[in-house]
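Going down the list, the sequences are from chains A and B. All letters in the first sequence, in the order written, are residues 197 to 483 by my numbering. All letters in the second sequence, in the order written, are residues 197 to 483 by my numbering.
Take these hints with a grain of salt, some might be off.
Note that the list lumps identical chains together, so a pair holds whenever it fits in one copy or between two copies.
[Unchecked claim] Straight-line Cα separation of at most 35 Å, DSBU-like style, residue types lysine-lysine; simulated pairs: (1) 366 x 450; (2) 306 x 366; (3) 304 x 450; (4) 470 x 349; (5) 477 x 372; (6) 349 x 405; (7) 245 x 220; (8) 207 x 450; (9) 306 x 405; (10) 304 x 405; (11) 207 x 477; (12) 207 x 405; (13) 349 x 258; (14) 220 x 405; (15) 258 x 245; (16) 405 x 477; (17) 220 x 207; (18) 450 x 258; (19) 366 x 220; (20) 304 x 372.
Keep in mind the hints are simulated off the structure, nothing from the lab.
Protein chains: 2
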Amino acid sequence: MVHISNPALEKQSDDHFHHLGITKSAIDIPQMYGDVKFICMGGSTTRIKNYAEAFAKEVGIKMSDNLSTTDRYVMYKTGRVLWVNHGIGIPSLSIVIVELIKLLYYAKAKDVVAIRLGTSGGVGVAPGTIVLSSGAVNGELFDEFVQFIMGEKISRPAVFDAEVYQQLHKAAIQLKIPVQIGKTFSTDDFYEGQARLDGAFCDYTEQQKFAFLNRLYNEGVRNIEMEAICFAAMFNRGNIRAAAVCVTLLDRLKGDQVLLTHNDINEFEMRIFKVVSTYIKQQLNLC
Amino acid sequence: MVHISNPALEKQSDDHFHHLGITKSAIDIPQMYGDVKFICMGGSTTRIKNYAEAFAKEVGIKMSDNLSTTDRYVMYKTGRVLWVNHGIGIPSLSIVIVELIKLLYYAKAKDVVAIRLGTSGGVGVAPGTIVLSSGAVNGELFDEFVQFIMGEKISRPAVFDAEVYQQLHKAAIQLKIPVQIGKTFSTDDFYEGQARLDGAFCDYTEQQKFAFLNRLYNEGVRNIEMEAICFAAMFNRGNIRAAAVCVTLLDRLKGDQVLLTHNDINEFEMRIFKVVSTYIKQQLNLC
Numbered sequence: 197m198v199h200i201s202n203p204a205l206e207k208q209s210d211d212h213f214h215h216l217g218i219t220k221s222a223i224d225i226p227q228m229y230g231d232v233k234f235i236c237m238g239g240s241t242t243r244i245k246n247y248a249e250a251f252a253k254e255v256g257i258k259m260s261d262n263l264s265t266t267d268r269y270v271m272y273k274t275g276r277v278l279w280v281n282h283g284i285g286i287p288s289l290s291i292v293i294v295e296l297i298k299l300l301y302y303a304k305a306k307d308v309v310a311i312r313l314g315t316s317g318g319v320g321v322a323p324g325t326i327v328l329s330s331g332a333v334n335g336e337l338f339d340e341f342v343q344f345i346m347g348e349k350i351s352r353p354a355v356f357d358a359e360v361y362q363q364l365h366k367a368a369i370q371l372k373i374p375v376q377i378g379k380t381f382s383t384d385d386f387y388e389g390q391a392r393l394d395g396a397f398c399d400y401t402e403q404q405k406f407a408f409l410n411r412l413y414n415e416g417v418r419n420i421e422m423e424a425i426c427f428a429a430m431f432n433r434g435n436i437r438a439a440a441v442c443v444t445l446l447d448r449l450k451g452d453q454v455l456l457t458h459n460d461i462n463e464f465e466m467r468i469f470k471v472v473s474t475y476i477k478q479q480l481n482l483c
Numbered sequence: 197m198v199h200i201s202n203p204a205l206e207k208q209s210d211d212h213f214h215h216l217g218i219t220k221s222a223i224d225i226p227q228m229y230g231d232v233k234f235i236c237m238g239g240s241t242t243r244i245k246n247y248a249e250a251f252a253k254e255v256g257i258k259m260s261d262n263l264s265t266t267d268r269y270v271m272y273k274t275g276r277v278l279w280v281n282h283g284i285g286i287p288s289l290s291i292v293i294v295e296l297i298k299l300l301y302y303a304k305a306k307d308v309v310a311i312r313l314g315t316s317g318g319v320g321v322a323p324g325t326i327v328l329s330s331g332a333v334n335g336e337l338f339d340e341f342v343q344f345i346m347g348e349k350i351s352r353p354a355v356f357d358a359e360v361y362q363q364l365h366k367a368a369i370q371l372k373i374p375v376q377i378g379k380t381f382s383t384d385d386f387y388e389g390q391a392r393l394d395g396a397f398c399d400y401t402e403q404q405k406f407a408f409l410n411r412l413y414n415e416g417v418r419n420i421e422m423e424a425i426c427f428a429a430m431f432n433r434g435n436i437r438a439a440a441v442c443v444t445l446l447d448r449l450k451g452d453q454v455l456l457t458h459n460d461i462n463e464f465e466m467r468i469f470k471v472v473s474t475y476i477k478q479q480l481n482l483c
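Bound conformation, chain A alone (with noise of 0.2 Å):
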């Protein structure tokens, strides 16, 4: 069963769901979401939209209307999958997965599985390959998510789940994308935090940041993005199993600028929307 753990909640009589746009006693959560097993997730409205609907037509299941009722993040329902966006960083998305636990535990959702499928710059990976999260680890490259929770300092650990990354990764094989497993880089920022040349502010020399990203690639990291150890460590509080699917755009060994036309990115794009759709359909036998 998805999980909370805050005993103040059970006291409150209602529940707004302030960036969802949602109120508990507004909709019937149980028979609207009950049958959720997917949460599928991205950092771009647009993306995450052109996902919901291209499920929907790959398995011939009707697509909601936009379920959010904010501007603030978009939400979509194509039988038992959510698709949800989460915009850029780890802020942005933990607020969208707390409304989302609250809404499946309400709706006593079970066995979900949250799956982000995002763009990433690789490192020693050629651009277009999956990456398949098997740990992330932080701007201080501890394997830990980090709060600040009463201004005191509370780290986490972040699971990916080795039979969900296993299990998509045979479906890469089978449609013949490239595909690794390894470690990710999740930063709070995408221009110094993630060593780039190519930000407005640089104090340090192209040789200091490709002994970084060396050391990076030595300690498994294959890919570096801005939301993967949070997506893991907060599911994982909500009892529910976590991966991490996500291209890169360019390998961070070679340069720094992503320098790929609109049709390279959206093929590249489609590259994780395909391995994810071929294993949620394999789960929930719709093949």
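Following the hints, put chain B in place on chain A, whose structure we already have.
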């Protein structure tokens, strides 16, 4: 002048801004952006568009189309004022600030002021009050913006320009809009990080929550949001003066849920706009 500090960037033959979707060589940046004096930012795409439209109408200037070509951010221009959304949280904000600083540096813009127009939780102030940030504290309650670069923790000052917030204060008084100058608590988390009792997880008691919020109040904090400390620190590095003008949607000393109607929220959000547009019109002699 807008300032960057990155020797590597000078050597780069072209520059593609990945999240605004702008390529330096493809447009005449000084011609298009050289006149910018104000950058107005807020989280939501819809709100920023509404503000830009309202400003264009008020001053009788044409509003540009959306100048961002990605779905990550929107950017509109009304004469010497840019309107850009930043999403939720510091990571999302930091990306677009880097790209804006580079844009205005290439544009040779000077004497630029950046203003965040945001929503926030109040601490001991009535809902609907405008809080002008005089300073900001992070999740550990230190008045410094933290970045992790090459695995190392770097702290930077976050300074709000006193002349700017005093002028904004005067504008609010003229408009008879309730206003306070105070410190802002900038968190990376909306629920536990802000000591809410209405998230999925809560390991603290109501007593601990109120002790923490009272401690914030006693340290001069008057509102809580998720961006201001980065907003000031990063624009400061680019030699751009910064202000944060946030309306409070609730008093956190009285509750956690935002229970305003859509109309209330719209009216409160327009208070921010009225204060900022009055100030900008005074500065640009557009009255």
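Comparing the hints with the structure gives:
1. 366 x 450: within (29 Å within a copy, 52 Å between copies)
2. 306 x 366: within (24 Å within a copy, 55 Å between copies)
3. 304 x 450: between (47 Å within a copy, 31 Å between copies)
4. 470 x 349: neither (39 Å within a copy, 39 Å between copies)
5. 477 x 372: So residue 477 and residue 372 pass the 35 Å test inside one copy only (17 Å; across, 59 Å).
6. 349 x 405: both (28 Å within a copy, 16 Å between copies)
7. 245 x 220: both (24 Å within a copy, 30 Å between copies)
8. 207 x 450: Between. Shortest inter-copy distance 16 Å satisfies the 35 Å Cα cut-off; intra-copy 55 Å does not.
9. 306 x 405: between (44 Å within a copy, 31 Å between copies)
10. 304 x 405: Result: close only across copies, 29 Å inter versus 47 Å intra.
11. 207 x 477: Classified as neither: same-chain Cα gap 39 Å, cross-chain 49 Å, threshold 35 Å.
12. 207 x 405: Between copies, since 16 Å is at most 35 Å while 51 Å is not.
13. 349 x 258: neither (44 Å within a copy, 48 Å between copies)
14. 220 x 405: between (49 Å within a copy, 24 Å between copies)
15. 258 x 245: Intra 13 Å, inter 32 Å, cutoff 35 Å: intra and inter.
16. 405 x 477: neither (41 Å within a copy, 45 Å between copies)
17. 220 x 207: The answer is within: 14 Å in one copy meets 35 Å, while 55 Å across copies does not.
18. 450 x 258: Neither: 43 Å inside a chain and 43 Å across chains, both beyond 35 Å.
19. 366 x 220: Answer is neither; intra-copy 39 Å and inter-copy 42 Å both fail.
20. 304 x 372: neither (37 Å within a copy, 49 Å between copies)
The structure shown violates the earlier hints numbered 4, 11, 13, 16, 18, 19 and 20.
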